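Please model the complete structure; the sequences and the hints are all you need to start from.
The chain contents come next:
Protein chains: 2
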Amino acid sequence: MAKPVKSADVTKRATSVRVGIEILPIPGLPEVLKGDDVARRILAACGNAFLALEPGDVLVIAQKIISKAEGRLVRLSSVEPSARALELAAKLKKDARLMEVILRESRRVVRDDHVLIVETHHGFVCANAGVDQSNVPGKDVVSLLPRDSDESARRIRTALMKRTGKDIAVIISDTFGRPWRLGLTNVAIGAAGVPVLIDLRGSRDRNAKTLHATIVAVADEIAAAAGLVMEKNAGIPVVIVRGYRYTPVLDPASRMVRPANEDLFR
Amino acid sequence: MAKPVKSADVTKRATSVRVGIEILPIPGLPEVLKGDDVARRILAACGNAFLALEPGDVLVIAQKIISKAEGRLVRLSSVEPSARALELAAKLKKDARLMEVILRESRRVVRDDHVLIVETHHGFVCANAGVDQSNVPGKDVVSLLPRDSDESARRIRTALMKRTGKDIAVIISDTFGRPWRLGLTNVAIGAAGVPVLIDLRGSRDRNAKTLHATIVAVADEIAAAAGLVMEKNAGIPVVIVRGYRYTPVLDPASRMVRPANEDLFR
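Chains A and B are the protein sequences, given in the same order. Residue numbering for the first sequence follows our numbering, starting at 5 and increasing by one per position. Residue numbering for the second sequence follows our numbering, starting at 5 and increasing by one per position.
It should be emphasised that the hints constitute simulated quantities derived from the structure, not laboratory data. Because the structure is a prediction, the values reported are computed rather than measured. Don't take each hint at face value.
Where chains are identical, the list cannot tell them apart; a pair therefore holds if satisfied intra-copy or between any two copies.
[To be verified] The calculated SDA-like cross-link candidates involving lysine to any residue, where the alpha carbons are at most 20 Å apart (straight line), are:
#	residue 1	residue 2
1	K97	K166
2	K95	E266
3	K98	T218
4	K166	E84
5	K170	G51
6	K97	R151
7	K143	R205
8	K38	M165
9	K143	T218
Okay, structure coming up:
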């Protein structure tokens, strides 16, 4: 049964409505080149778009522009495929040089029948080690994931905070597939300044029962939210997630890698 | 090199900044009981919060309140465990009646060592078939997933559209774990009115190369975005995702279930 509405309630409710989250694309970011200062480029694009960063903003940055700035591009014509790469290429009907690049980026091959699923040196399990031919200039150029995407996130966060004087968190994202569900979702592969996992275990639900197994992958949810405006062909590689409440903390995305002894498929 | 900014550009950019997405929690929803009209309850809560639904809004609704409205609650004291349930309970050190409820909701057991991962009758692979003891009243009561969560979404969408005269999409969400990454994320288990998967294959990237394997699980990204304000203990089971541009279409969440012949671990 609804209680009568008192004016104090109304104010509180009307205010609480504003407690939402905004997902704001940053338009107009120019093509990023090797050696570019990504933080400076992002702030310039924000300025052009009359978008001022605010304390607590989480910047979600597509992996591709970080890889470009860090020079993580490989020309396939420069690659000599190994015997293993030639074997994989024959099996999967793919370019042996591409297979070689993927193997170099991998710690182990998880699956190699109609798709190539590997564990990267970071510990992420994904298709093709994140090696990708889209949105890179040149016909035989591929991009690799940043070498240490958590370190890249920390570096950009530091630069943004120094330039703006505000506490800004950074997530570096890429789109990964999942074993049982179709479609890719945007996930966090690097993070700095925002909790990656939030442990609700021990907290109580509305009926005062303990919530047992609830650890939420917040960084992946933030990346997914940004993914909604980051369609790959729209030229929006940086998105502001504003209004999400969190305690600033250096929590690396690598913490989301499931330990080998808990891996459901090892 | 940055081009000089013309005033027409400025207008366009300043406008495009507003093309963001808002994630708005709906506060003050009362406890939902069996037989409740969920659409009506949601609209009443929106009214109390001075939140008017707008055409194109996607309402993300936590599975739990749908299950309650549909009477999908089971009292464990009423359950007689089968031999299989007793066996699982001994192995996992869990309540045999709970194991029995989970088995009844499952098509197959995927894994049964320290966690119980099953495929539900819907085809979703998740822990404990989504059977859950949190946020349900009563000490030995558990909630089941809606019997047909896509049908539930369609029914609520129809009711909302009838009452508001606006095109509103509905996603029913639950938090699922993932095999290689720690933490749960909010995903879509029912959908109506919004595309679940968007196929970008064949479209071109900024460098006019074809994007190969890109099918985006948009419904899961929307659910994840809503998850950011839907923390389990905060009493926010319904969230508006506003500003996401899509073509209204009846696309069931069950379409995201990876077919058996493409399942990476079958």
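- Same-copy or cross-copy closeness of K97 to R151 [CA-CA at most 20 Å]: neither (27 Å within a copy, 42 Å between copies)
- Item | Identical-chain pair category, K143 with R205, by Cα at 20 Å | between (49 Å within a copy, 18 Å between copies)
- Homo-oligomer pair classification [K166, K97; C-alpha up to 20 Å]: neither (48 Å within a copy, 52 Å between copies)
- Item | 20 Å Cα threshold - placement of E84 relative to K166 | Neither, since 43 Å and 63 Å both go past 20 Å.
- Message: Checking an output row: K170 and G51, CA cutoff 20 Å. Within, between, both or neither?
- Response: within (15 Å within a copy, 36 Å between copies)
- Using 20 Å as the alpha-carbon threshold, which applies to K143 and T218: within, between, both, or neither? between (45 Å within a copy, 19 Å between copies)
- Task: Have a look at K98 and T218 and pick one of within, between, both or neither, based on CA distance no larger than 20 Å.
- Result: between (41 Å within a copy, 17 Å between copies)
- Classify it for me, K95 with E266: is the Cα-Cα distance of at most 20 Å met within a copy, between copies, both or neither? between (30 Å within a copy, 17 Å between copies)
- Message: Within, between, both or neither: how does the pair K38, M165 come out at a Cα-Cα threshold of 20 Å?
- Response: neither (22 Å within a copy, 51 Å between copies)
In summary, the structure is inconsistent with hints 1, 4, 6 and 8 from the numbered list given earlier, while agreeing with the others.
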